[in-house]
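Turn these sequences into a full structure, and let the hints guide you.
As they're listed, the protein sequences go chains A and B. Numbered according to our numbering, the first sequence terminates at residue 199, and the numbering increases by one at each position without gaps. Numbered according to our numbering, the second sequence terminates at residue 633, and the numbering increases by one at each position without gaps.
Simulated from the structure, these hints should not be mistaken for lab results. These numbers come from a predicted model, not from an experiment. Careful: at least some of the hints might be erroneous.
[Stated by the list, open to error] No more than 25 Å apart at the CA atoms, straight line, and that leaves these computed lysine-lysine pairs for DSS-like: (1) LYS246(B) / LYS170(A); (2) LYS22(A) / LYS170(B); (3) LYS89(A) / LYS22(A); (4) LYS570(B) / LYS487(B); (5) LYS92(A) / LYS161(A); (6) LYS487(B) / LYS569(B); (7) LYS161(A) / LYS93(A); (8) LYS89(A) / LYS170(A); (9) LYS170(A) / LYS92(A); (10) LYS22(A) / LYS246(B); (11) LYS170(B) / LYS170(A); (12) LYS170(A) / LYS88(A); (13) LYS161(A) / LYS22(A); (14) LYS567(B) / LYS487(B); (15) LYS161(A) / LYS170(B).
[What the hints assert, rightly or not] Which stretches of chain B does chain A cover? Using the computed rule of at least three CB atoms under 8 Å from a CB of chain A, they are: (16) 227–239; (17) 262–272.
Think of the CB as a built atom: it goes at the ideal place given N, C-alpha and C, for glycine as much as any other residue.
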Amino acid sequence: MQMNIPYSIETRPDTGLHNAKLGIWLFLASEVMLFGALFSSYALLRVGAESWPRGADILNVPLGAVNTIILIVSSITMVRSWTSLLKKDFKKFRLLLSTTELLGVLFLVIKFTEYRMKFEHGLYPSGSTFLAIYFTMTGLHALHLLGGIVVNAYHLILGKRQWNLNPEKFTHRIEATGLYWHFVDLIWIILFPLLYLT
Amino acid sequence: MENHETQISKPKSRLIFLSTDHKTIGILYGFTGLLFLLLGFSIMMLMRWQLAFPGQPIPFIGSWFGQDRAPGGIMLPEFYNQLGAMHGTIMVFLGVVPIVVGAFGNYLVPLQIGAPDMAFPKLNLMSYWLYVLGGLCALSSFFMPGGAAQSGWTSYPPLADIATTGQTFWLIAIIFLALSSMLNSINIITTIVQLRAKGMTFMRLPFFVWAQFITGFLLLLAFPALEAASVLQLMDRLAGTSFFLPSGLVVSGQPLSVSGGGSPLLWQHLFWFLAHPEVYVLILPAMGIVAEILANNTRKPLWGYRSMVYATIFLGFMSFIVWAHHMFLTGMGTIISGFFQATTMIISIPSVVILLALLISLWGGSIRFTTPMLFALAFLPMFGIGGLTGLPLGLTISDIPLHDTYYVIGHFHYIVAPGTVFAIFGGIYYWFPKLTGRKMNDVLGRIHFAGSLVFMNGVFFPMFILGLAGVSRRLWDGGAQYQFAQHVLHWHEFMSISAWLLAVFQIPFIVNLFWSIRKGKKVRENYWDATTLEWAASSPPPHGNFFPLPEVYRSPYEYSVPGYAEDFLPQNQFFGEGLKIKEKG
Numbered sequence: 002m003q004m005n006i007p008y009s010i011e012t013r014p015d016t017g018l019h020n021a022k023l024g025i026w027l028f029l030a031s032e033v034m035l036f037g038a039l040f041s042s043y044a045l046l047r048v049g050a051e052s053w054p055r056g057a058d059i060l061n062v063p064l065g066a067v068n069t070i071i072l073i074v075s076s077i078t079m080v081r082s083w084t085s086l087l088k089k090d091f092k093k094f095r096l097l098l099s100t101t102e103l104l105g106v107l108f109l110v111i112k113f114t115e116y117r118m119k120f121e122h123g124l125y126p127s128g129s130t131f132l133a134i135y136f137t138m139t140g141l142h143a144l145h146l147l148g149g150i151v152v153n154a155y156h157l158i159l160g161k162r163q164w165n166l167n168p169e170k171f172t173h174r175i176e177a178t179g180l181y182w183h184f185v186d187l188i189w190i191i192l193f194p195l196l197y198l199t
Numbered sequence: 049m050e051n052h053e054t055q056i057s058k059p060k061s062r063l064i065f066l067s068t069d070h071k072t073i074g075i076l077y078g079f080t081g082l083l084f085l086l087l088g089f090s091i092m093m094l095m096r097w098q099l100a101f102p103g104q105p106i107p108f109i110g111s112w113f114g115q116d117r118a119p120g121g122i123m124l125p126e127f128y129n130q131l132g133a134m135h136g137t138i139m140v141f142l143g144v145v146p147i148v149v150g151a152f153g154n155y156l157v158p159l160q161i162g163a164p165d166m167a168f169p170k171l172n173l174m175s176y177w178l179y180v181l182g183g184l185c186a187l188s189s190f191f192m193p194g195g196a197a198q199s200g201w202t203s204y205p206p207l208a209d210i211a212t213t214g215q216t217f218w219l220i221a222i223i224f225l226a227l228s229s230m231l232n233s234i235n236i237i238t239t240i241v242q243l244r245a246k247g248m249t250f251m252r253l254p255f256f257v258w259a260q261f262i263t264g265f266l267l268l269l270a271f272p273a274l275e276a277a278s279v280l281q282l283m284d285r286l287a288g289t290s291f292f293l294p295s296g297l298v299v300s301g302q303p304l305s306v307s308g309g310g311s312p313l314l315w316q317h318l319f320w321f322l323a324h325p326e327v328y329v330l331i332l333p334a335m336g337i338v339a340e341i342l343a344n345n346t347r348k349p350l351w352g353y354r355s356m357v358y359a360t361i362f363l364g365f366m367s368f369i370v371w372a373h374h375m376f377l378t379g380m381g382t383i384i385s386g387f388f389q390a391t392t393m394i395i396s397i398p399s400v401v402i403l404l405a406l407l408i409s410l411w412g413g414s415i416r417f418t419t420p421m422l423f424a425l426a427f428l429p430m431f432g433i434g435g436l437t438g439l440p441l442g443l444t445i446s447d448i449p450l451h452d453t454y455y456v457i458g459h460f461h462y463i464v465a466p467g468t469v470f471a472i473f474g475g476i477y478y479w480f481p482k483l484t485g486r487k488m489n490d491v492l493g494r495i496h497f498a499g500s501l502v503f504m505n506g507v508f509f510p511m512f513i514l515g516l517a518g519v520s521r522r523l524w525d526g527g528a529q530y531q532f533a534q535h536v537l538h539w540h541e542f543m544s545i546s547a548w549l550l551a552v553f554q555i556p557f558i559v560n561l562f563w564s565i566r567k568g569k570k571v572r573e574n575y576w577d578a579t580t581l582e583w584a585a586s587s588p589p590p591h592g593n594f595f596p597l598p599e600v601y602r603s604p605y606e607y608s609v610p611g612y613a614e615d616f617l618p619q620n621q622f623f624g625e626g627l628k629i630k631e632k633g
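Encoded structure:
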């Protein structure tokens, strides 16, 4: 017999939250500080540098732009998969979440193609401060996206059972995953202009 | 409210190491943390031999460390540096924080707010195991070629960037610990916000819970900065980047072949952005523990509960904008120094508010000198010394001569050792009856207290004398090579002997702890006649804690309520019409 933790499914009236929702927002606050520290490091290193290359001269702007569009679309499909759960349409949910998943994988494929192109030209993290920060920040972002893909894969494979068992709980899970997905998307939307366009 | 009902349930796993029960995890955290505390203390005792008798072979155990660490039992400077770095790392990250947050927070927060468990029991278990992984990572670095991390617990680059492999393990350990404390703090904050029992408003929370709440936010928002910094330093060490390596760096006469352009100051900013809030992570839960013990043993409400709560919130905010007072000597510029001096002076105000409120709480109380109360009472002046000696370090003019001397060590050890560690001891004596249904032996407890109080001061007070004489804190020989230090060096021997005697006086505690688990005197559930909710559960509380979940009718410290027969009125006690008691809070 599992013990019931209060408000893991239903909303607590005086706070207006269920546990997972507060939990994921706190997690995202922590993530903001993690990337905030890296963005601050970027600013400090760039201000202190004697010269700083133009991102477009080194990085592949069209590929970066395509990746930006891919992530934005994946955010839309992610949120639509959640709303279809709210409408009790599991088939549509599965279609939309699979699309999200595919787009996420596509982003990573393009990202690693970019990395490979850099390596082929002898551009490694040790080359310059710009390359170091580029590889570190986009690498950490890619790791975050990979985490999101793994969680979504779990939802795709085991979702049907959980949906049948407890639809409300499953919807909460998708909502929390979605919030994380949008956050990872948002980080890229800041990274792209910062690294590629300035 | 149908989900408030909890069935009597068995934890899913019978294995203690896989239990998701917050009490089991809390106890695991506690024992692991105490082990690390003992290890960190043992490391320090080794260092104290070297400081008191530099260059002499370590007696009895000198041959244990091998030829590459201590040839002929004489400690090498490299080994001394490893011990120094690991003492700090173990004490802060693996000892004290896991005990005050992981053990006390995990065990007590759900009980004190009337919750059946933490909000995310599985994450709770995961955060414990990440902590163990981090700890093993840190310890395994001792066996790496070149030994453990040796760049101090602060790991300043460029030195740390080019140090031996042990440093890489230190960084990986820090990343594990950052993840662990992030999960733990998410859990504690969510639990406090979401799982408070019916009637438990924020202003009815025991002060300990408030302290844990603010501590949770500090860990949640400050640790990522060190996590980011560790990632960058790992890149420096493994991928050859130069985040913290400036251009034109020369090591052992050879120019370093790196791209350069990095900033060693960047590490210091990121490190102290964590490490200053971390100081309050060390002290706030300790204040919470002391507040609980004081209120219970003075038999009166805490004086100025609300101002203490507001001071704690303010302290939490301010702790994020004082970090650079650790960096006055780096030449940040006078404007930045001026800003951080001002914020540092401001942050001392809420600390003083809390300390004074605790002190005034004693006024007019009918004090019971129980063993936990002795530790709580000793906490007040000890923390006071630690706090007051910190003020000169917050102002550039006095920090410049004192920086990196023994004075700094004396200052923060007064806060952490006779401060936080005394609160930990007091907390263990105080809540032991709740954990086991038995009490710890008072005679052994008093011996432990008296010895610890005397010898803690014996270890740390002379540090002020050495520091004011200008002796640097990081010297392998304790300053023997300097002419100006000769007239104070005899204190090293005094401090070392105090440290070893301090260890002797921990033996009664260890004996007491294990003996009392099985053989201690059996006591009733609310042994201390306390008012907070953990004492409404049975001892030890079963899985699920309360059946049914309690309801809360009043503020946490309703002791000696006029017109009420008992001198304590528990938070969950309903009173009938006949009792005329004004409800507060």
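Against which earlier hints does the structure fall short, listed by number upward? none
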